[in-house]
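Q: With the hints as constraints, model all of the structure from the sequences given.
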Amino acid sequence: MNNKLHLRVSRIVTLGAIIFALIASAISYSHTQSVEQAAMKKALEQLFSTVQRSAEIAAYLESRDLAWEVVESLSRNDIISGSILTSKGGMTVASDEQSDYDEVFRFPLYGPFTPTEQVGEVRIQLNESLLNTRVQKSAFEQMLILVIQILVIAILILIMVLRVLTYPIQSIAANLHRIVPGDDNNLDCPKGHRNNEIGNLVDDINKLLEATRATIKQEQYLRNRVESLEKHFRLIFEQASAGIFLLDGSFRLNSVNQAFKDIAGIALEERRSGKQNIYFPDLFYEPAVVRNILQEVLAAGKQTACDLRLGNLINGEERWVHCLFSTARSDSGNNLIEGLIVDVTERTFQMERILFEAQHDALTQLFNRRAGEQLLNIMLANARNNQGQLAVLLIDLDDFKLINDTHGHEAGDKVLVEIARRMQLTVRKEDILVRMGGDEFIITLLIKDGNRDEIDQVVNKLQKQFTAEIEVGSDRSVTIGASIGVALFPQDGGDIETLIAHADIDMYQIKKNRKTAYSYLLSTQSTE
Amino acid sequence: MMRYLIVVILQILLISAQAQAQADIVVVVNPNSKLTELTQQQIIDIYMGRTQTLADGSKLVPYDQPMDSAIRVAFYQSLTGKSLASINAYWARLLFTGRASPPRQLSDNMRLVDILEKDLNAIGYMDSIDLNDRVSVVFKITIDE
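Going line by line, the protein sequences match chains C and X.
Using the working numbering, the letters of the first sequence map in sequence onto residues 4 to 531.
Using the working numbering, the letters of the second sequence map in sequence onto residues 1175 to 1319.
No lab work stands behind these hints: they were computed from the structure.
Hints should not be assumed to be uniformly reliable.
As the list claims (entries may be wrong) - Cut-off 25 Å, straight-line C-alpha distance, at most; resulting in silico cross-link-like pairs (SDA-like, lysine to any residue):
1. X:Lys1256 to C:Lys7
2. X:Lys1292 to X:Arg1246
3. X:Lys1233 to C:Ile247
4. X:Lys1256 to C:Pro118
5. C:Lys91 to X:Lys1292
6. C:Lys91 to X:Ser1275
7. C:Lys91 to X:Ala1263
8. C:Lys91 to X:Lys1314
9. X:Lys1233 to C:Gly93
10. C:Lys91 to X:Gln1216
11. C:Lys264 to C:Val300
12. X:Lys1233 to C:Lys7
13. C:Lys7 to C:Leu18
14. X:Lys1256 to C:Lys264
15. C:Lys91 to X:Arg1246
16. X:Lys1314 to C:Thr117
17. C:Lys91 to X:Pro1236
18. C:Lys91 to X:Gly1255
A: Here's what the structure looks like:
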């Protein structure tokens, strides 16, 4: 605020006044000089007129005395520094020795009785220094008056500027400074300025303040609404039982709710990785699969739902979640993925169990007949397509009924379970082991170029397993044999029924032979 | 009738002019004086004290008629165009300078003719009516009035 308005105005006014005073003084000086000179000349003429007659007479009569008297009385005046009276007859009377004058006024002298005859001349030298002194004094006085006038006017202007402009503006500025945007105060117009520019300024500022106030109120109202909406949405978001998440274009988690963290076990993950934006597929057991799904979602823009297994074990259990993905567009135009996850571990396990129970034999945990036939069909179809060869082994336990009868059904069940376990150990992973019912099993093997030896090897292995003792109770064990019939695809048939029928025939043949052999063996044993 | 009146008036004016002409003032000197004729300027210079001697060095002695005589008034009036009062003031101004002195004044019982007879350097003025052989005229002032 160093550059205050009124100081600035008065500076300009004063500067202008000084410049004006200088110019005016210069003009005034030369003017005064000429005025003063004219005044002195007039005074001189008047002075001369008082001695004119005497001078004329002196020149007329060539009277030195009279001439001296004239010259001397002229010289007594301040404004005259010297004078000379000369007559036509050659008389020269001077007030001093000075002979030549620069600033000389000449007055011709005519005869007192003969006005046409010039009888002489008076030359008067003006007092130059007196003239200058007078001029200077007069000019100085005028300048002084001028300066005083200018000063008075400058002070007046300063006061007026202060009163009329600066004070009202200062008071407006101070009031404006105190006003807080949005409160209900208006500016007061300074007294006596209601109908001029300052009044207009105040009116306009007040209008502006009112407009601002209205805007602020509107803004506040909107902000409150937005806040309450946001609160509601946040509540929905945070309290939802389903996990909600938002992924950016590179499948990193932008934001998630608490439910998501709980379900996905993200807190653990976060702690482990130490970073905020987790790569979403990393949360799952098969990240590549999840990534592919996400890429498809992003590309197709379609909603996709699927069940996925989480990568983390929570409380040592494997977890499954149902995920719903859909694309969303951010404010900045980026493609995002939003989604929901629901913990479906329980349901998944239940379904798996149901599926398992539907497909498996409750006792032996082997595939049941229906599932076995389906699997067999699939295998056949594959083999047909790939020109593969299959061997279907039909296994029937010998004299199982006898064990049931002798040791009870419980023991029979134990035998079946143990046999199933042993068979499972024998076959390869890709082979299918099915309990067809009762004590009948089917093993389907993928074999190479119909090599019978390979099949025999498997059959022998199986037989070896069967012949081992099976514990059926405390200190009770049994041994059991099995008859294995074999049918080959595609040599022995193209479909299951044919193959099984073929294998059945083969098996009965063996059983018949075996029974004979077995009976023979028993009889030999008993005979021993 | 009108024409007659105008003729009468003109005749009267003519007669009065002739009468005035007879009342001229003449400047006179001794007939034996070297001066034969003077200009008005010379007469002024002599009577106002400027010229006091002649070229040969002989001193001129001008005489005035008595102070309040009509001829003296007329003389100065017609010669210088100034009143007798201002002529007197002129001489009063020069009273102490010593450079010039005013003409001598005739007293009532003195006659100018006698003075001129005795003094070759004397000079005076008189009414032309009073002219005689004992003086010679050097200048004649015609009174216009």
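Q: Need the status of pair Lys1314 of chain X, Thr117 of chain C: alpha-carbon distance at most 25 Å?
A: holds (18 Å)
Q: Is the Cα-Cα distance between Lys91 of chain C and Gln1216 of chain X 25 Å or less?
A: Given that 25 Å is the threshold and the Cα spacing comes to 16 Å, the pair holds.
Q: Next pair to validate is Lys91 of chain C with Ala1263 of chain X; report whether the Cα-Cα distance is within 25 Å.
A: holds (24 Å)
Q: Check the hint pairing Lys91 of chain C with Ser1275 of chain X against an upper bound of 25 Å on the C-alpha distance.
A: holds (21 Å)
Q: Does Pro118 of chain C sit within 25 Å of Lys1256 of chain X, going by the straight-line distance between their CA atoms?
A: holds (12 Å)
Q: For the pair supplied as a hint, Lys91 of chain C and Lys1292 of chain X, confirm whether the alpha-carbon distance does not exceed 25 Å.
A: Cα-Cα ~35 Å, so violated.
Q: If you draw a straight line from the CA of Lys1292 of chain X to the CA of Arg1246 of chain X, is it 25 Å or shorter?
A: holds (22 Å)
Q: Can the restraint linking Lys91 of chain C and Arg1246 of chain X be considered satisfied, given a maximum Cα separation of 25 Å?
A: Judged against 25 Å, a Cα distance of about 30 Å means the pair is violated.
Q: Are the Cα positions of Lys264 of chain C and Val300 of chain C separated by 25 Å at most?
A: Since the Cα atoms of Lys264 of chain C and Val300 of chain C sit roughly 23 Å apart, the hinted pair holds (cutoff 25 Å).
Q: Can you confirm whether the C-alpha distance between Lys1256 of chain X and Lys264 of chain C stays at or below 25 Å?
A: violated (145 Å)
Q: Taking only the CA atoms, is the gap from Lys1233 of chain X to Lys7 of chain C under or equal to 25 Å?
A: Not OK: Lys1233 of chain X and Lys7 of chain C at ~97 Å, beyond 25 Å, violated.
Q: Need the status of pair Lys91 of chain C, Pro1236 of chain X: alpha-carbon distance at most 25 Å?
A: With Cα atoms ~24 Å apart, Lys91 of chain C and Pro1236 of chain X stay inside 25 Å; holds.
In summary, the numbered hints that this structure violates are 1, 3, 5, 8, 12, 14, 15.
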